[in-house]
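Student: Given next are the chains, with one letter for each unit.
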Amino acid sequence: MRRAAVIVAAVIVNCTAFVQSPAHAFESSGIIIAGSFLGLFHHHSTQPHEGRCAGELHGDRRTVAAQRARIAELERERAAQHARIVALERSLANETKQTSVGTLTRPHPMVVARHDPARQPRPESYGWGSI
Amino acid sequence: MRHAIPTAVLAVLPFVTIGCARHLTPPAIADAMTRAVYAGDAAGARSRFIEALRPSVTPQSVSVVSARMHRYGEYRGLSQVSEIPAQRRYDFEAEFDRGTMLIQLKLASDGSISAYRVVPNE
Numbered sequence: 001m002r003r004a005a006v007i008v009a010a011v012i013v014n015c016t017a018f019v020q021s022p023a024h025a026f027e028s029s030g031i032i033i034a035g036s037f038l039g040l041f042h043h044h045s046t047q048p049h050e051g052r053c054a055g056e057l058h059g060d061r062r063t064v065a066a067q068r069a070r071i072a073e074l075e076r077e078r079a080a081q082h083a084r085i086v087a088l089e090r091s092l093a094n095e096t097k098q099t100s101v102g103t104l105t106r107p108h109p110m111v112v113a114r115h116d117p118a119r120q121p122r123p124e125s126y127g128w129g130s131i
Numbered sequence: 001m002r003h004a005i006p007t008a009v010l011a012v013l014p015f016v017t018i019g020c021a022r023h024l025t026p027p028a029i030a031d032a033m034t035r036a037v038y039a040g041d042a043a044g045a046r047s048r049f050i051e052a053l054r055p056s057v058t059p060q061s062v063s064v065v066s067a068r069m070h071r072y073g074e075y076r077g078l079s080q081v082s083e084i085p086a087q088r089r090y091d092f093e094a095e096f097d098r099g100t101m102l103i104q105l106k107l108a109s110d111g112s113i114s115a116y117r118v119v120p121n122e
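Listed in order, the protein sequences are those of chains A and B.
Numbering follows the working numbering, with no gaps: position 98 of the first sequence is 98.
Numbering follows the working numbering, with no gaps: position 85 of the second sequence is 85.
This is chain A alone, in the form it adopts within the complex (with noise of 0.2 Å):
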């Protein structure tokens, strides 16, 4: 569009030096175009298209959502994880030794060297059978 604005203005540049002095317009008007040409391409190696830019500015905001998305998943996955890791834990330590029901239950030694510097109390079980 904003070559096409240019052409024109060259050839109404062209038109009227014609009038004026005909025999230097072609001289003109070759000048002008190719003046106007260098000048386009001057702009677009520099300074991005507007429209392009704005594609390029919505795709990097769709990324960074995606990638914000991903990483909320990520995270809720970790926390799950974590969840089950605790779970199986507690019913590792709850596993090695089962007794009658209200009686206290010692966890296993891993879990315990792992809870036992806090002075934890130990986890208890409560229940019937054995798992």
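Since the hints were made in silico from the structure, they are not lab data.
Just to be clear, a hint being listed does not mean it is correct.
[Stated by the list, open to error] Restraint ranges, calculated between C-beta atoms of paired labels, are given here:
1. A:Val86 - B:Leu24: 23 to 29 Å
2. B:Thr25 - A:Arg68: 32 to 38 Å
3. B:Glu74 - A:Arg76: 26 to 32 Å
4. B:Ser112 - A:Arg70: 28 to 34 Å
5. B:Arg98 - A:Leu88: 21 to 27 Å
6. A:Glu77 - B:Pro85: 19 to 25 Å
Note that the Cβ used here is the ideal one computed from N, Cα and C, for glycine as well.
Knowing the structure of chain A, use the given hints to seat chain B on it.
Tutor: What follows is chain B alone, placed relative to chain A:
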């Protein structure tokens, strides 16, 4: 003829209901069992166990476990955290007003409970 279809539906409905009751999912079994124990319903809890364990499910033992549960407040429900399908072993996180407890469940081949244990959180 106009009443034939509703009558047929009504006739089949009890069998469908019985069929569904017999095929409860492990989370549904764990939830029902937890609610029974929490409420101190020894008869209800006993009926869900395998025959060999039923004598040990006494009102006293149920009240012990129920008391432990009540320390954490009102029972809100449970969510499954892991399972070992080959062994019919399931772990659940039971949620209460003031904390959670680990529920360990083991089922027999007929769907009755062969083990039910509650592990308070530290």
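Student: Can you let me know if the beta-carbon spacing of Thr25 (chain B) and Arg68 (chain A) is within 32 to 38 Å?
Tutor: Holds - the Cβ-Cβ distance for Thr25 (chain B) and Arg68 (chain A), about 35 Å, lies within 32 to 38 Å.
Student: Between Glu74 (chain B) and Arg76 (chain A), is the Cβ distance one that fits in 26 to 32 Å?
Tutor: Check passed, 27 Å falls within 26 to 32 Å.
Student: Is 23 to 29 Å a correct range for the gap between the Cβ atoms of Val86 (chain A) and Leu24 (chain B)?
Tutor: 27 Å, holds
Student: Check the following: the C-beta atoms of Ser112 (chain B) and Arg70 (chain A) are separated by a distance inside 28 to 34 Å.
Tutor: With Cβ atoms ~44 Å apart, the hint is violated.
Student: With respect to the beta-carbon atoms only, verify the hint that Glu77 (chain A) and Pro85 (chain B) lie 19 to 25 Å apart.
Tutor: Distance hint for Glu77 (chain A), Pro85 (chain B) holds at roughly 21 Å.
Student: Please test the hint of 21 to 27 Å on the beta carbon pair from Arg98 (chain B) and Leu88 (chain A).
Tutor: 24 Å, holds
The earlier numbered hint that this structure contradicts is number 4, and it is the only one.
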